[in-house]
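Please model the entire structure based on the sequences and the hints provided.
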Amino acid sequence: MSVGPVEAFWLITRRELYLSFRRPEQLLQPLVFFLIVTTLFPLGLNLQLSLLRDMSPGVLWVAALLSSLLSLDALFKSDADDGTLEQLALSGQGLALIVTAKTCAHWVVSGAALVMVAPLVAIALNIPSVAFATMMVSLAMGTLTLSWLGAIGAGLTIGLRRGNVLLSLIVLPLAMPLLIFGAAATDRAISQISAAGALYFLAALCVFTCTLAPFAAAAALRITLE
Amino acid sequence: MNSVPNGLGVDKVHVWRGDLHVLKGVSLQVRPGELVHVAGPNGSGKSTLLRVITGLLHPEQGTVTWCSKAIERFGAEYQAHLAYLSHEPALKGDLTAVENLRFSVGIKRRVSPAELRDALRHTGVPHCADLPARVLSAGQRRRVAMARVLAMRASLWLLDEPFTNLDAQGTELVSRLLRSHVLQGGLAVVVAHHELTLECPLRRLELNA
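Chains C and X are the protein sequences, given in the same order.
Under the numbering used here, read the first sequence as residues 2 to 227, first letter to last.
Under the numbering used here, read the second sequence as residues 810 to 1018, first letter to last.
Among the clues, some could well be false.
[Claimed, not checked] Where chain C lies over chain X, by a calculated footprint (3+ residues, C-beta under 8 Å):
#1 855-866
#2 896-910
#3 913-922
Hints in this document: simulated from the structure, not taken from any laboratory.
No experiment lies behind these values; they were computed from the predicted model shown.
Even for Gly, the Cβ is constructed at its ideal location relative to N, Cα and C.
See below:
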């Protein structure tokens, strides 16, 4: 009896979540990094409260991008090292489906978790609570887009020894629009102006990567598997 | 000419790795109920040949056919027919043996936990079922990986050095599993250094470095 794509998707996602929760330290590392980097700013700079509020969207977004990047390197690496990736590729399921399941699971434990702790950071950065909803929505879309960009980069850099450095060099320039529109959305929400424009741009980027990146990442994996 | 109805055909396959000509026009046919033992010195391209047959590696020249059709034309469907045992056991240290099998076999075909435990019993490691793979010895991992091949119920077995890390009993056990697979009409391509002595239709393909 063959297995349908939906069932396979859930199995792979569940496997990824099992693995993540058996290694809680890997799960917590990017989150702690995010918390520490953002709280260092108010400590390191003797800023006035109003200045801190002006800087906070940028600080929040840069920290979010960097901490998401931390865990991206491991997306396919361990599977490639121990031969699991080959077994997945030979499972008779499409590689794009496998990549989608793995990336979604990765986003749940990295991006979604980051969105959950973002209000804590926002309080430390003196972001008013009226801006929380916009900030969290924009971060959710931003981290999801970044996970997809990272999946392409991670697929390409598996076989390399210093792959993580190259991964940052590939992904960060592509993530610039995220930073620009994400920080703009948060900034506008703080100033209590409509953030719709920036959010639409983020949503467009998110849909664009979610639909095309699975195929690009699958192609990247197929090359590295050879 | 080299295509085999209901079987596997490899026709004049050439593979280069950079400047290295690894496979120099290798041809091979495997019919149902037949085992091909691929032998040769280190670096003669035995594992490369297996990867070409899996479809992971595309040869620069030549074709691989399954039921007289090039494997590229099947897409992922062809891979549903094969079970591949690679050098690495492909087990996650943080998952138990049964969980490892559940996820890797489960995306290939619907399988019950009882069936997986049964497969582990057949490869002689039923006591490892609920242990995390990281505490298993290399030989035990090899047996769990062999249980995965068994549980996939694939018609084509591609085994890369299946006897590595196995004790005398393990070697005997894998030989027995291979024999019963072939006698039930399965196909197998086995890469192994030492001689295979199996009471089943067996052919030997020698690769030169």
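**OP:** Report the numbers of all earlier hints that the structure fails to satisfy, in ascending order.
**Re:** Checked against the structure, no hint fails, so every one of them is satisfied.
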